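**Q** Given next are the chains, with one letter for each unit.
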Amino acid sequence: MSLTESLVRSEYATMTVALKIWRFDAATGERELRDYELEAPEWACLLDVLDLIKDKVDGTLAYRKSCRMMICGSCGMRMDGRAVLACKERMKPIVDRGHVPVISAMGNLPIVRDLVVDMGPFWNKIKAVKPWLDPGYDEVAEKERIVSQQAMNVIHKEALCIMCGCCVSECNSMESDPDFLGPAALAKGFRMVGDPRDQAEVERLNDLNEEHGIWDCTRCYFCNERCPKGVDPRDAIAKLGAESVKQGIDHDMGAKHAKWFVTSAKTTGWLRETELVPKTQGVVSAIKEAKFALKLLRRGKVPLPFPPHVAEGVEESRALYDLVKTQDRRGALGIVQGERALAKIDQEHPEGSGSGWGSRAQADITPGERPTRGKGGEA
Amino acid sequence: MLVVGAGCAGMRAAIEALDEGADVALLSKIHPVRSHSGAAEGGINAALGNASEDDPEKHAFDTVKGSDYLGDQDSIQVLCDEAPDDVYQLENWGAVFSRTDEGRIAQRPFGAAGEPRTAYAADITGHVLVHVLYEQVMKRDIPTYEEFFAWKLVIHEDRCQGVIAWDLLNGGLKTIGAKTVILATGGAGRLYTGTTNAYACTGDGMSMALHVGVPLKDMEMMQFHPTTLAPTGILITEGCRGEGAYLLNSEGDRFLKRYAPNAMELASRDVISRAEQTEIDEGRGIDGNVLLDLRHLGADKINDRLHGTRELSLTYAGVDPINEPIPVRPGAHYHMGGVDTDVDGLTSMTGLYAAGECACISVHGANRLGGNALMETITFGKRAGRAAAEWALTHTTVSVPPSVEADSERELRALLDRTDGERPWAIRDELALTMHENFGVFRREEQMLEQGRIVEGLRERYKRVLVDDKGDIFNSDLTQALELGFLLDLAECMIVAGLARKESRGAHARPHDYPDRDDANFLRHTMTTIDSGGRVQLDWKPVTMTKWQPQERKY
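From first to last, the protein sequence lines are chains D and Z. FYI, in my numbering the residues of the first sequence are 35 to 413. FYI, in my numbering the residues of the second sequence are 15 to 569.
One chain only, chain D, in its complex shape (with noise of 0.2 Å):
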């Protein structure tokens, strides 16, 4: 069959695709669950398939959508609950197991009709964060700056970003507390303190360790989960940490309650827990619920501070601090946070590979150093 009979024919096998969608009427403020059963090819992703309810059913059904292939990011939404892009979930797999999915607008955004939302609060908050490279220099450079490929690799991921607001619709933080800056925003972030080219480092996490940056993530990994990109959110968050307290700056009680975490594992193999309030706080504040503490000591919920409790395996701990502190970016720096980073440094970056990710430090040029100017090949 050649390209124009088949493309002409349409022979797919079709599929029944029921599902329900949330409408949201504007002008009303209503909102409705309602039902939609259809024939689909059975090649069609969600987004397929509400093109034919739009087509077919309902030409009021509002949604974002433009290139199809998860790389403008225009369709996240709802899928029983969960954000992902409509262009990405393939319909097969829930047809054949009966399922009839909810679809809704994006969490977090206000809802501007049906799965549109306002896009408005998700790149103040993208603009929140200075996202443009600032070289140290406003002249434009002759030729490119010289910096490896394994300087580069590591905004790697942060690079990959689309923008779709899928994390963002399912942080839990932004849901307590709407004026996080919240993970795309902080992918960003790190996409530009990543950067060897980048000069305002410092500036730029000083920023982000304001309050609703950086270290009021509750480290719930939804970000990481959600993103259809595998940009993972929350590792730049914890790279945007461990780059703040390498840098110094650490007056946040985030950064300091991390530190002291550190502290504790590696001088007695335990949480020092009676020292945690003050260490992180301050001795005012911790002065303050000093009744509390005694009131669990009583109940033997703290170990008395003194002598210190330290653990069995203690030298353990400490070797175990010294490497990571070795590994650089890849161990106590922060990347490695949860399993999955864990398990994916195991498999793809094995010791000396070469690849991966490299740090700041790794880059064979000062960090915006101005560009080497002359033929190319000499520098």
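Don't read these hints as lab results, they were simulated from the structure. Treat the hints loosely; a few may be bogus.
Once the Cα atoms are required to be at most 25 Å apart in a straight line, the calculated DSS-like pairs of lysine-lysine come out as [what the hints assert, rightly or not]:
(1) Z:484 <-> D:54
(2) D:90 <-> Z:484
(3) D:54 <-> D:122
(4) Z:153 <-> D:161
This one's a predicted model, so the numbers in the text were calculated from it and none came from an experiment.
Given the coordinates of chain D, work out where chain Z should sit on it, guided by the hints.
**A** Showing chain Z alone in chain D's frame:
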């Protein structure tokens, strides 16, 4: 001044205009980062010389030859000369290019290029460029009318003075006055069923220009990309072949040895698409496809440099290219034709400019080389932005007569108030299927004539098109109906131009009646306009030749 469309060309134009001191705004029916420039995968061509000895002259010659000599050689020279600095500029702004071992911008071989000249960011080059340009737009705080659907150009006192647009989020027609307007609205791949193009690629700018009397050039030149996925035409990058992938027929044969024995898989796109279609038509395809085999590249190379391709193939074809060849076929990809402009993007209308795919400068002629489209958006986006800014800064007034708004409002209301008629989808699908059938990789006189009649019939039906949604807020039912109107206009231009070009050149292949290139009669551009009665008129324009005389084109 106003830039309509916010992909690579539009954003690059707006950045340049602002830096020149103009008061500029962007207007786009989708958010800038959603633009289809972001779907470009393989790369951007500039003679940086990072992977071999290269220079702009070689780039220019490859482009002239690739265009089947229909490209204007002065424009091509401008593109190739300015390309390296424009790419360095992108890198300086922060584009995340892939790097060589020396830390320079990496370059890979691409079809019909004499040197490895295609700078790339893995297989997401367009995505990287769209995002870096948007970063620069944010840095400059360029005002952006997001989700505004441009519908008509305002012509007053014989010059373009603004745009009438439908505000998608809030509803209502809005008039935006501007001393200069740049069209950067992209292509019209949605004319075809199997297309790499996004739903947004409906030729809006081309059609708007046509309606104010600006000619469209070489509209018959629609490029078919050799490697797209069935059934919808999702793009599999030429970068695969750049990295060494093979094309096989059902017999496991690298059939290109019979069509392009030297360049093989790296011949130009028109040559490979015709070869594939011939194999498929002669029964050596597999369900209307041939096979793109990446297996010998190995998992590491595929994961490092073609990660996005693997993701697309897994999601949309259910095939892991590490283990299996990908079934691919030719699909409509890129419009070489478009709004006729000079090398600064200026059209025949004072105050109106065009850049990117919607323009025809012409650097691609009858066939575009992979990697030249992104480069064109940057270089000519910049030049159009500069020229439009200069004009805007030296001229003072803008006026839009109220009657223009009132007429548009009346026309729109008539459409929205219609309660009886035909929903757009059947017209749209029939247009796209028949264009594929009758105006595809190969073209026959009788099929083109038949397609002319079909489009005429569809235009009749379109007069009664029915919009279901009567509301103001996010009425995409309305905008999709308007987009269909744009597509129908363009189809007619393509058919008129295609019938007139009685030869085979580049993407316009007529093996049955005019199998050869005919330089004596057709080394010239088709120019289509519409007259006051709405009929398409044809004219011709000479090709600008500088130093390259036409030769036989072999790969």
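**Q** Confirm or reject each hint.
**A** Each hint tested on the structure:
no.: 1; hint: Z:484 <-> D:54; in the structure: holds (23 Å)
no.: 2; hint: D:90 <-> Z:484; in the structure: holds (16 Å)
no.: 3; hint: D:54 <-> D:122; in the structure: holds (18 Å)
no.: 4; hint: Z:153 <-> D:161; in the structure: holds (8 Å)
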